[in-house]
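Student: Listed here are the chains, written in short residue letters.
There are 2 protein chains.
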Amino acid sequence: MTKLRVHNLAVSLDGFATGEGQSLETPFGHAEGRLMRWFFPTNTFVSMSSHEDEAVGMGTHGVDDAFAAATNRGIGAEIMGRRKFGPQVGPWEDESWRGWWGEEPPFHSPVIVLTHHHRPDLVVGETTFLFRELPPAKALALATELAGGLDVRLGGGPTVVREFLEADLVDHLHVVVVPIVLGRGVRLWDGLEGLEQRFEVEVTASPTGVVHYVFTRKTR
Amino acid sequence: MTKLRVHNLAVSLDGFATGEGQSLETPFGHAEGRLMRWFFPTNTFVSMSSHEDEAVGMGTHGVDDAFAAATNRGIGAEIMGRRKFGPQVGPWEDESWRGWWGEEPPFHSPVIVLTHHHRPDLVVGETTFLFRELPPAKALALATELAGGLDVRLGGGPTVVREFLEADLVDHLHVVVVPIVLGRGVRLWDGLEGLEQRFEVEVTASPTGVVHYVFTRKTR
Numbered sequence: 000m001t002k003l004r005v006h007n008l009a010v011s012l013d014g015f016a017t018g019e020g021q022s023l024e025t026p027f028g029h030a031e032g033r034l035m036r037w038f039f040p041t042n043t044f045v046s047m048s049s050h051e052d053e054a055v056g057m058g059t060h061g062v063d064d065a066f067a068a069a070t071n072r073g074i075g076a077e078i079m080g081r082r083k084f085g086p087q088v089g090p091w092e093d094e095s096w097r098g099w100w101g102e103e104p105p106f107h108s109p110v111i112v113l114t115h116h117h118r119p120d121l122v123v124g125e126t127t128f129l130f131r132e133l134p135p136a137k138a139l140a141l142a143t144e145l146a147g148g149l150d151v152r153l154g155g156g157p158t159v160v161r162e163f164l165e166a167d168l169v170d171h172l173h174v175v176v177v178p179i180v181l182g183r184g185v186r187l188w189d190g191l192e193g194l195e196q197r198f199e200v201e202v203t204a205s206p207t208g209v210v211h212y213v214f215t216r217k218t219r
Numbered sequence: 000m001t002k003l004r005v006h007n008l009a010v011s012l013d014g015f016a017t018g019e020g021q022s023l024e025t026p027f028g029h030a031e032g033r034l035m036r037w038f039f040p041t042n043t044f045v046s047m048s049s050h051e052d053e054a055v056g057m058g059t060h061g062v063d064d065a066f067a068a069a070t071n072r073g074i075g076a077e078i079m080g081r082r083k084f085g086p087q088v089g090p091w092e093d094e095s096w097r098g099w100w101g102e103e104p105p106f107h108s109p110v111i112v113l114t115h116h117h118r119p120d121l122v123v124g125e126t127t128f129l130f131r132e133l134p135p136a137k138a139l140a141l142a143t144e145l146a147g148g149l150d151v152r153l154g155g156g157p158t159v160v161r162e163f164l165e166a167d168l169v170d171h172l173h174v175v176v177v178p179i180v181l182g183r184g185v186r187l188w189d190g191l192e193g194l195e196q197r198f199e200v201e202v203t204a205s206p207t208g209v210v211h212y213v214f215t216r217k218t219r
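Line order of the protein sequences matches chains L and H.
All residue numbers for the first sequence refer to numbering that gives the first Met the number 0, where the first residue is 0 and numbers rise by one.
All residue numbers for the second sequence refer to numbering that gives the first Met the number 0, where the first residue is 0 and numbers rise by one.
Note that these hints are calculated values from the structure, not bench results.
Note that the structure is a prediction, hence the values are computed from the model and not measured.
All C-beta atoms in this analysis are idealised placements derived from N, C-alpha and C, irrespective of residue type, glycine included.
A couple of the hints might just be wrong.
Sample of chain H residues with no beta-carbon within 10 Å of chain L, all distances over it, derived [to be verified]:
1. 58
2. 87
3. 131
Partial pick of chain L residues on the chain H-facing surface, computed with a CB cut under 10 Å [said to hold, decoys possible]:
4. 8
5. 11
6. 179
7. 201
8. 206
Footprint (simulated), chain L over chain H, 3 or more residues, beta carbon under 8 Å [as the list claims (entries may be wrong)]:
9. 3–15
10. 41–47
11. 132–138
12. 190–198
Chain L on its own, in the form it takes in the complex:
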């Protein structure tokens, strides 16, 4: 059965999943790269920007990489919020924006971009972006169809993840708590009081100082 999975969602100790002031230059706002610093040295990340045959031995292979490596395993489609696709708001005035990822995005699968504003489907490398205005359950139904029996990844940002958690559609949630106090930005946990009652929780501290939380939805 297709599962909806969230991976590598980094939050600060005070629960912010992104900083204040997101822009083209600063996709995480004032948090800059600090929420993902644990991720950059991993073999999984290093491999994304290298040819596969030379990247196997590069980067770290510890617990942070073990979690990072699970991200793409068995994924057939992704759902993301518009803010993950780009910093623009409102109608698409300039369709030359093709995402942050250059000509070969790391998805290699259909990606549903949730947006109120119409735009034609966009093929970039092996990835097809479908711009759709859909409530969570319908977005998941479409993504499940596109995933062809594999799982669906919910790629963020935090507002989208929160909406799917509120709708109780998430099966697997991997949150990485980074030991910094951001003070402002977008909170992940707001509106999710009692979330832990719906999930089993496993906790692993990494020597790098981050803590990996795996929430697995209880069988219903």
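For this one, chain L is given, so just place chain H on it according to the hints.
Tutor: Chain H in isolation, oriented as in the chain L frame:
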């Protein structure tokens, strides 16, 4: 040199150190006992309510207890907020309230209770409560004097801890993150953006699901 230490300060994943609706019956508000559930089975806690000679073998002796046991080591005085002493607000209309702890409180040392409202010193068992209206630095100076060369514990609640952290007076901060989403209450981290820059941080996950954070202030 006397250090100011915070121990066993439990917060939810979303950063609340106490719930909403604190009262005589519910000192943690709607959080009830959930923030301290990791603490109750420890030998340290069990010993507090038993005769010492029979309590040594009782309770757990794992990592949660190792941290809990550090609480009283080398402490000569405590500073606490009025809300830790009791649920009352405003002038002391009824001085029959002698704290939550019965006739032998677990402090066995002077305790400064920060309050805007005058009340005479109060001796309960081996503990003397001194009710004082003092800003953080002056409260620490008095507590240091009373501690006689030992350390001072900052006993909470969260609002008081936050004030002392803002004033950069805390040397050792032990925070326990409990894997629950409380949704409302008193936040610990508000106003402390960038706190991690002043501290070394060590992280330990417990098999019970809580995570122990030890913040040690960098030498200045």
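Student: Against each hint, give a clear statement of whether it holds in the structure.
Tutor: To see whether the hints hold, each was checked on the structure:
Distance to chain L confirms residue 58 of chain H as a non-interface residue, since its nearest Cβ pair spans about 22 Å, more than 10 Å. The Cβ of residue 87 of chain H sits about 28 Å from the closest Cβ of chain L, beyond the 10 Å cut-off, so the non-interface label holds. The claim that residue 131 of chain H lies off the interface holds: its Cβ sits roughly 29 Å from the closest Cβ of chain L, which is beyond the 10 Å cut-off. The beta carbon of residue 8 of chain L is not positioned within 10 Å of any beta carbon in chain H (closest approach about 12 Å), and the interface hint is therefore violated.
Taken as an interface hint, residue 11 of chain L checks out: its beta carbon lies about 8 Å from the nearest beta carbon of chain H, inside 10 Å. Nearest Cβ of chain H to the Cβ of residue 179 of chain L: about 5 Å, under the 10 Å cut. The hint holds. For residue 201 of chain L, the interface hint holds, since its Cβ comes within 10 Å of a Cβ in chain H; the closest pair sits about 8 Å apart. The beta carbon of residue 206 of chain L comes within 9 Å of a beta carbon in chain H, closer than 10 Å, and the hint placing it at the interface holds.
Counting residues of the stretch 3–15 of chain H whose beta-carbon sits less than 8 Å from any beta-carbon of chain L gives 3, enough to reach three: the coverage restraint holds. Given as covered by chain L, the stretch 41–47 of chain H fails the check, having 0 residues with a CB less than 8 Å from a CB of that chain where 3 are the minimum. Note: the stretch 132–138 of chain H has 0 residues with beta-carbon separation from chain L under 8 Å; the three-residue rule is not met and the coverage is violated. Only when three residues or more bring their CB closer than 8 Å to a CB of chain L does the claim for the stretch 190–198 of chain H stand; here the count is 6, and the claim holds.
Against the hints set out earlier in the document, violations occur for numbers 4, 10, 11.
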